[in-house]
Structure formats: C-alpha cells, structure tokens
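Residue numbering for the sequence shown follows our numbering, beginning at 3 and increasing consecutively.
Simulated from the structure, these hints should not be mistaken for lab results.
Think of the CB as a built atom: it goes at the ideal place given N, C-alpha and C, for glycine as much as any other residue.
Mixed in with the good hints there might be a few duds.
Beta-carbon label-pair distances, calculated as ranges [as the list claims (entries may be wrong)]:
no., residue 1, residue 2, range
1, D57, A33, 37 to 45 Å
2, Y52, D82, 17 to 25 Å
3, S61, W23, 28 to 36 Å
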Amino acid sequence: MAQELLPPQLITKARMLYFCWVPADPAACAALLPTGLTPATNKAIYINQYVVDTDAQTSHFGAYSLTYMGLDLGGLDLDDGTPGRFWTHYFNSNPGMRAYAA
Numbered sequence: 003m004a005q006e007l008l009p010p011q012l013i014t015k016a017r018m019l020y021f022c023w024v025p026a027d028p029a030a031c032a033a034l035l036p037t038g039l040t041p042a043t044n045k046a047i048y049i050n051q052y053v054v055d056t057d058a059q060t061s062h063f064g065a066y067s068l069t070y071m072g073l074d075l076g077g078l079d080l081d082d083g084t085p086g087r088f089w090t091h092y093f094n095s096n097p098g099m100r101a102y103a104a
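Working from the sequences, and respecting the hints, build out all of it.
The following block contains the structure:
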C-alpha cells in the first residue's frame, strides 16, 4: 500500500542537477514513449537528479535521493512554451515515495 501524502509536499535546500540534450539516436529514445505520445520537435531528453540530505528538508519524506529521466513531448506545451514531459525512468531511495509513484 502506498504511503498517504499530506499536502503540501515541500523540499528545501536540496542539491540538484538538471540537464537535457539531443541524443545520438532520437528514434531509440522515442521508442520508450507509450502509444499516443510523440517526442518534441527538438528531440530533447532530460535527467533530473537531486539529494535531500536531512529529514528537516522535507515535509515528511525524510532524507532521500531521486533521479528521473524522460523525453520532451510534442503537442503538449504549457501556455508559456514549456514542453510537456514524460518520465521513462524513475529511481528513488525512499520506499514510500517509490510506492506512491508506482
């Protein structure tokens, strides 16, 4: 059973790395998307990694590390032009958060 999350979920002072790039084989990355989703015109993929070092940095998750990867999507941009995104990979050291994300 997934842990019940209490709003709002806040994280402060985490160490974070976010980057994106165009892969050497965009078609291989596009194959990771489910039917109905298409990659963005720019073919970009991204990784976001962060580490929360202490329990005091979260609203009740405790310390953890998280990495997720995915693709920018075509046709799902926000009004400000931010592309829609889809996670293809999700790694989390916190069992409760993994259960919630599943």
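- Starting from the hint 37 to 45 Å, judge whether the C-beta atoms of D57 and A33 obey it. holds (40 Å)
- Query: Between S61 and W23, is the Cβ distance one that fits in 28 to 36 Å?
  - Reply: holds (32 Å)
- Task: Go ahead and decide if the range 17 to 25 Å is satisfied by the Cβ distance of Y52 to D82.
- Result: holds (23 Å)
In summary, this structure violates none of the numbered hints.
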